[in-house]
Amino acid sequence: MARSKSLPLLRSTLLVSLLAATACSGSGYTRVLSVNPPDASVFINGDKVGQGSSRPYTFDFTNNERIYVQATHPDYQPEIEWFDRARIEQMIAANLDVKITLRPR
Amino acid sequence: MSPTRRLLSLSLLGATAACGSIPTKSFEFDAIDAGESPRPCLIVVNDDWVTAAEKNHFVNVDDDNALVIEMPFPTAEVEVTLAPVLVESGKVTRVPKSRKEARDYSGFSDDTRRLRLTDPRRQLFIVQRKSGGS
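Going down the list, the sequences are from chains A and B.
The letter at position 37 of the first sequence is residue 37 when you use the working numbering, and the numbering goes up by one with no holes.
The letter at position 88 of the second sequence is residue 193 when you use the working numbering, and the numbering goes up by one with no holes.
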């Protein structure tokens, strides 16, 4: 009897531990990243990752406390945005994606 | 002086030096224009234009080459200025001594970034033409 009573508690403890382990695993924060216009080139931490169409991107702060995203297009002004863990967490809490809109030159 | 005392003094000296030393980090700088072509530029750290020129802190002058600088961080942030330059036959036509000079002479806008020790190693600048320029 005592065993069956402790089962839900054990299950909850395991679930909380699992969630905590996932949160601390260092796998980063995944957000949808998009740039307007969609054919703009996107660079993350100085490396080109492709064009601006929507894509999930994992912001991993294991090696750097800040990550920067740049977008450029010959007909628009280039933009740069810096992200740290706090900013990404705020965006996740507000369910906001990462959107960069370039201004025409 | 006894060996133990000497060892203790050396350890203390070593610890003091370690704690008092300025942290450094190696950064790689590069610059492109809006069309993603390499742009020749001068990289200026903490507004020290003389040292930048003396140490040839240029990128993309004779080829598509980035520049690696070992940067000390006496403060939490270090200011890095990207000054566009013009190149003819693989040589910089005029080494700017200020942001305004770089801007006026090259026709491209300068850019400034405040870097931290924990920032990504590769720092790419995307240079844009001065507004009203060709």
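Please keep in mind that the hints were generated in silico from the structure rather than gathered at the bench.
Honestly, I wouldn't trust all of these hints.
Claimed, not checked - Selected chain B positions facing chain A (in silico; Cβ < 7 Å):
hint : residue
1    : Ala139
2    : Gly140
3    : Glu175
4    : Pro225
5    : Leu229
6    : Ile231
It should be emphasised that the depicted structure is a prediction, and the values quoted were computed from it without experimental measurement.
Every residue gets a Cβ at the ideal spot worked out from N, C-alpha and C, and that includes glycine.
How the hints compare with the structure:
1. Taking 7 Å as the C-beta contact cut-off toward chain A, the hint placing Ala139 of chain B at the interface holds, the least distance being around 5 Å.
2. The closest approach between the C-beta of Gly140 of chain B and any C-beta of chain A is roughly 5 Å, which is under the 7 Å cut-off, so the hint is satisfied.
3. Because the smallest distance between the Cβ of Glu175 of chain B and any Cβ of chain A comes to about 18 Å, over 7 Å, the interface hint for this residue is violated.
4. At about 4 Å, the closest approach between the beta carbon of Pro225 of chain B and any beta carbon in chain A falls short of 7 Å, and the interface hint on this residue holds.
5. Given hint, Leu229 of chain B at the interface with chain A, holds; its Cβ is 4 Å from that chain's nearest Cβ, closer than 7 Å.
6. Of the supplied interface hints, the one on Ile231 of chain B holds, with its beta-carbon coming within about 4 Å of a beta-carbon of chain A, less than 7 Å.
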